[in-house]
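Starting from the given sequences, assemble the full structure and let the hints guide the process.
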Amino acid sequence: MVAQTQAPRRRLRAALLAGLAALALALPCEARHRANAPAPAPQSVVASYQTRIHPILVTKCAACHTGTPERPLYYFIPVLNLWSQPFIEDHIRQGRVQFDFSNGFPAGRVGAAHEFIARLRNSVQDRSMPPLEYALVHWTHRLTEEERKAILSWAEAGIAALNTVRSSREMASVDAPEIPAQIAAAIAQACPLADRKDARARDACAERLARSEILKARMQEPFLWGGQKVAGDYDLEHSPSNRFNPLAWRKMYLSLFMFDGNNRVEKVGDQTIIHMPAQFRGQLDSGEYPYPFWHSEKKWDDYNYSTEVMLVYREGKLRGAFRSAVADKTRPKVVRTWDHKWHWFKPGATHEATQTEPRVTLYSSLFTPKNPHVKELDSAYRKLALGFNRYKCFECHTPANYAKMNMLEFFNYPNQALTGRNRIIAVLEDNAMPPIDGIEDPRDRQTLLELARDFKRIADEALKFENEKLEDSLTGPVRNPAR
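Okay, so the sequence shown: first residue is 499 according to this note's numbering, each after it adds one.
Don't take every hint at face value.
[Unchecked claim] List time: in silico BS3-like cross-link candidates among lysine-lysine, alpha-carbon distance up to 25 Å:
1. Lys873 with Lys714
2. Lys873 with Lys954
3. Lys727 with Lys831
4. Lys695 with Lys844
5. Lys796 with Lys831
6. Lys727 with Lys765
7. Lys967 with Lys954
8. Lys844 with Lys881
9. Lys727 with Lys827
10. Lys868 with Lys954
11. Lys881 with Lys839
12. Lys796 with Lys695
13. Lys727 with Lys647
14. Lys797 with Lys827
15. Lys962 with Lys873
16. Lys714 with Lys868
17. Lys831 with Lys797
18. Lys967 with Lys873
19. Lys796 with Lys827
20. Lys839 with Lys797
Quick caveat, the hints were computed from the structure, so don't treat them as lab data.
Pasting the structure below:
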């Protein structure tokens with residue numbers, strides 16, 4: 499390794515310690531000193547980080563995940579560097595997309611801090627960091643088993659502390675033990691069993707789910723949805739999932755399933771798991787799905803063979819849902835071949851009648867016909883999407899992103915983009931996107947920021963017309979609002 503080690507490590511040390519100290523100071527006294535709170539006190543998380551975790555990250559991670567990364571000796575060897583330099587630069591770029599420690603711990607917003615810790619935990623948990631090809635050459639940068647356990651323990655404690663803050667900020671209505679069963683009954687009644695290719699039954703199900711008052715009142719925004727990684731593990735952060743606007747998820751995703759009403763409610767720790775045996779509508783036209791699930795054979799199998807939809811309910815809110823890891827491969831499945839198109843057109847008798855597909859991703863499909871904001875919202879999205887395209891946002895914020903990142907919002911479809919309408923503004927104001935260095939030209943950033951604000955304003959009006967709640971659990975400050 500070349501002698502560039504001490505400076506980035508000092509910057510990493512100062513930035514991370516400052517960020518974590520800010521996190522602790524930002525948390526209210528009530529959250530820090532609640533007598534019966536199961537979550538650890540935030541200052542203990544910071545203290546354990548300083549003594550146990552910080553030295554590990556400085557020693558093992560600073561080489562790639564800072565603005566001044568180290569280059570190994572073979573980076574400079576003639577001939578060999580024809581291969582090594584592009585490989586290493588790409589590796590560092592991807593590394594900083596995943597984690598960039600240059601700016602310290604993101605304590606400014608609950609969502610950013612939570613995402614940072616969860617991503618660090620997941621990378622260590624699945625042993626994807628450091629990557630195998632790097633660890634084979636740089637064996638001193640491998641994490642020992644003791645270091646892995648220390649990071650995982652700290653991450654779990656940090657997530658618990660942040661969840662305490664999030665819960666105290668949320669305005670959940672009065673909770674009652676019968677609510678989960680009522681939620682399950684409402685979904686089952688909205689989407690009874692029908693033929694797998696019956697599009698009318700799916701549309702009727704989607705409309706009933708959209709109008710459901712109990713779902714409107716109880717769903718958290720953003721709502722997490724993904725495939726359960728391990729049967730019996732109901733932690734939403736342990737399984738790959740992404741973020742969705744509640745209305746968009748109900749109409750586009752939940753409506754793809756049919757239910758027999760044999761629901762079961764199970765208490766697991768501080769969560770209530772709503773088990774709903776389900777059948778997947780796997781024989782619909784391609785435009786009836788939020789995107790081509792069959793771009794991945796595994797994804798298409800997961801949807802077709804999953805036996806349950808499981809909803810996670812905690813502290814008065816539906817936090818997310820899984821497709822169960824338990825699969826029934828005797829179920830019928832239509833074999834589909836992906837043509838590598840995320841969008842396509844369904845020809846009509848006239849040019850005006852030509853349908854953009856997938857149709858369910860359009861605002862005209864999501865909102866009721868009387869909603870006066872649909873055309874204006876569609877125009878605002880398309881203008882914003884052009885800006886996203888310029889900065890290659892769709893490389894990550896798409897179902898099949900190259901870095902295989904989770905906990906994202908999808909921006910390449912109109913309905914999916916609603917999920918990120920608040921966070922877009924926050925990250926542009928912080929110039930935190932796109933990785934690594936944000937938008938260099940302040941005029942370009944201001945233009946994109948104005949488009950994002952316009953999109954959010956119109957989207958909020960459209961959602962309010964449908965009587966949807968406009969709360970967002972990720973974009974507020976870490977501290978609780980004044981009481």
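Here's how the hints hold up against the structure:
Our distance criterion of 25 Å between C-alpha atoms is met by Lys873 and Lys714, whose separation comes to about 24 Å. Between Lys873 and Lys954, the direct Cα distance comes to roughly 14 Å. Compliance with the 25 Å bound is thereby established for this hinted pair. Restraint check for Lys727 and Lys831: satisfied, since their Cα atoms lie roughly 21 Å apart, inside the 25 Å limit. Between Lys695 and Lys844, the direct Cα distance comes to roughly 18 Å. Compliance with the 25 Å bound is thereby established for this hinted pair.
Among the hinted pairs, Lys796 with Lys831 is consistent with the structure: their alpha-carbon atoms are about 12 Å apart, no more than 25 Å. In summary, the hint linking Lys727 to Lys765 is supported, as the alpha carbons are separated by about 19 Å, within the 25 Å threshold. Straight-line distance between C-alpha atoms of Lys967 and Lys954 comes to about 14 Å, which keeps the hinted pair within the 25 Å bound. Restraint check: the Cα-Cα separation between Lys844 and Lys881 comes to about 23 Å, which is no more than 25 Å; the hinted pair holds.
Annotation: proposed proximity of Lys727 to Lys827 holds, straight-line Cα distance about 17 Å (limit 25 Å). Of the pairs offered as hints, the one joining Lys868 and Lys954 holds, with about 20 Å between alpha carbons and a cut-off of 25 Å not exceeded. For the hint pairing Lys881 with Lys839, the CA-to-CA distance comes to about 21 Å; that is within 25 Å, so the pair holds. With a CA separation close to 21 Å, the supplied pair Lys796 and Lys695 stays within the 25 Å bound.
A distance of roughly 20 Å separates the Cα atoms of Lys727 and Lys647; the hinted pair therefore holds under the 25 Å criterion. Pair hint Lys797 plus Lys827 holds up; C-alpha atoms about 14 Å apart against a cutoff of 25 Å. In summary, the hint linking Lys962 to Lys873 is supported, as the alpha carbons are separated by about 16 Å, within the 25 Å threshold. With a C-alpha separation of about 19 Å, the suggested pairing of Lys714 with Lys868 holds against the 25 Å cut-off.
Restraint check for Lys831 and Lys797: satisfied, since their Cα atoms lie roughly 12 Å apart, inside the 25 Å limit. Taken as a hint, the Lys967 and Lys873 pair is honoured in the structure, with Cα atoms around 21 Å apart against an allowance of 25 Å. Proposed proximity of Lys796 and Lys827 is supported: the alpha carbons are some 12 Å apart, at most 25 Å. With a CA separation close to 16 Å, the supplied pair Lys839 and Lys797 stays within the 25 Å bound.
Checked against the numbered hints above, the structure breaks none of them.
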